[in-house]
Amino acid sequence: MAESTSKLDFQLYVITGANYHPGRSIVDVVEQALIGGADIVQLRDKTASKQDIRENAHKLRQLTRRYGVPLIINDHIDIALEADADGVHLGQDDLSLAEARQLLGPDRIIGISTHSIEQGLAAQAGGADYIGVGPVYPTGTKPGRAAVTTSYVQEAAAQIRIPFVAIGGITLGNVDTVIAAGANRVCAVSEIVGADDPAAVCRAFKARLNAAANHSQSPSRQGQSQGTSSPNDSQSSAAQPHDFAGTGVTVNGVAQRTTARTVWELICQHRLEDRRIVVELDGAIVVREEWSRTPIREGAAVELVHFVGGG
Amino acid sequence: MMMNDQDSLVIAGVKLQSRMLLGTGRFPSPHVLQQALTASGAEVVTFAVRRVNLEEVEDDSVLQHLSGRHYTFLPNTSGANNAEEAVRIAKLARAAGLGSWIKVEISANPRTLLPDPIETLRATEQLVKEGFDVLPYTSDDPILCKRLEEAGAVAVMPGGSPIGSGLGIMNPYNLGLIIEEANVPIIVDAGIGSAADAAQAMELGASAVLLNSPVAKAKDPVAMALAMKLAIEAGRLSYLAGRIPKKRYASASSAPDDSLFASPAKGAL
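From first to last, the protein sequence lines are chains G and D. If you read the first sequence in the UniProt record's numbering, its first letter stands for residue 1, the second for the next number, and so on. If you read the second sequence in the UniProt record's numbering, its first letter stands for residue 1, the second for the next number, and so on.
Worth flagging that the hints you see were computed from the coordinates, not collected in a lab. No false leads were slipped in.
Dumping the calculated DSBU-like pairs for lysine-lysine here, alpha-carbon to alpha-carbon at most 35 Å: (1) 142(G) / 50(G); (2) 59(G) / 91(D); (3) 91(D) / 15(D); (4) 146(D) / 129(D); (5) 129(D) / 59(G); (6) 219(D) / 15(D).
Short, incomplete list of chain G residues facing chain D, as computed with Cβ under 10 Å: (7) 254; (8) 272; (9) 278; (10) 286; (11) 288; (12) 304; (13) 310.
Glycine included, every Cβ here is placed at the ideal spot set by N, Cα and C.
For reference, chain G alone in the conformation it holds in the complex (with noise of 0.2 Å):
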């Protein structure tokens, strides 16, 4: 749908969890998180069959594609190509990155998990087109690995090239000190998929990294010191998810929020339903048909035109 202007432009990387969230899909889940904002998904699950594996990753690929957001695969490169995925996820221990590279091609995305500088310099090296940057503190999806803390994070953001994500026991309490160690990307599991409302999470996380972006145009960037502070540290939880009402768009160049879900919503809220208009969403044209199955997602940039007089 959206044509996305690069292979790999994201801030908040999101990865499955089905533990995290008894008795709710793995699509509404992921939905919810891609309309609070997530820039990409990756399917992990280390316990389910293939075969389940398989049919999640197809209808994540319908998803996914829908918001157009890449779909990333751990582990598996025969699913990834299979569901025609945008890229596979690997650990220190799977596949080289050589093998994989030949099994996918030039053009799919390929991340690796790092665990300290010498591992992300040759995952750069390498050819990766991004690296994971963790366990930054101690998680329940990774139980028994040493947290990297943040000092891996300040050296990544000094010495990697590509694009480093941010990952490990990453929350809304403590994203804000690993922003402030170098991370312009993070990733969480738990703390997304396991909300009860997803989408206030994702839009919640997004806002720090936005902020966090535009801060970092001036010189003296607040926090470099506090690199190294504790995994309990919860400074600033003023930020809920639930203070952002509605989601955060812009409609003709002019931000507002919207409580509007899909396309639809947002022309019945401006009273266009019935004006001959055109569509476009994320730099993609939304055909009429397409108007109630699309959804508005944080940050989406909606242009509503029409013809008016000119020679």
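Here the structure of chain G is known, so what remains is to put chain D in place on it, guided by the hints.
Only chain D this time, still in chain G's reference frame:
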């Protein structure tokens, strides 16, 4: 008129009886626009793609005033600063289901509104690839017009002078060369000020004229629409009829032979 019936213009497979393309901007009211359209006999109308004004409840869309008549729609890409923006606007226009014609208009200078030749060529190439019927508004450069034709434009539209200036055809020599070399219709777009300019364009061999300001901003737009129609028809007929060569001195139209006062021929005595 017999000659007019056979002398139709075909652009992208569409057969047109009228050689006037009329813009819809700057008319004093929708009513005057409609009257002028009727008086002009134009079958192709142009308009612009703009953001809906979300503050305004009133519908200022131009299409509502064009319903109930059969027109070929020629949306323009005005407002685009480069090829990419022009392609984006073209796609939005096509998504409205108004056909596949597009007037590429990429102005590079706010004071002259003269078209950016490089971006215009790039946009034309891209839009042809995307399946549009492309009518680029361009400067009156013979080589550029040829390049646009080669890029697949269904018609090429050089300006006579800057948009809305009413300066008429500033370089008839270039325009003549463009027309001589062309294998697609050449439409003079922009700069026409009065009926005389329109007639001149047609006498130079242009296939059609695209107008907006000289009609919309005339004291009486409806009368001017008719004047332009007649001038374009007259200019076309004049071109087809073939004008006489220009000479430095007189050449009497009444033959001098057997004049009452002529001296008798020698030998008649």
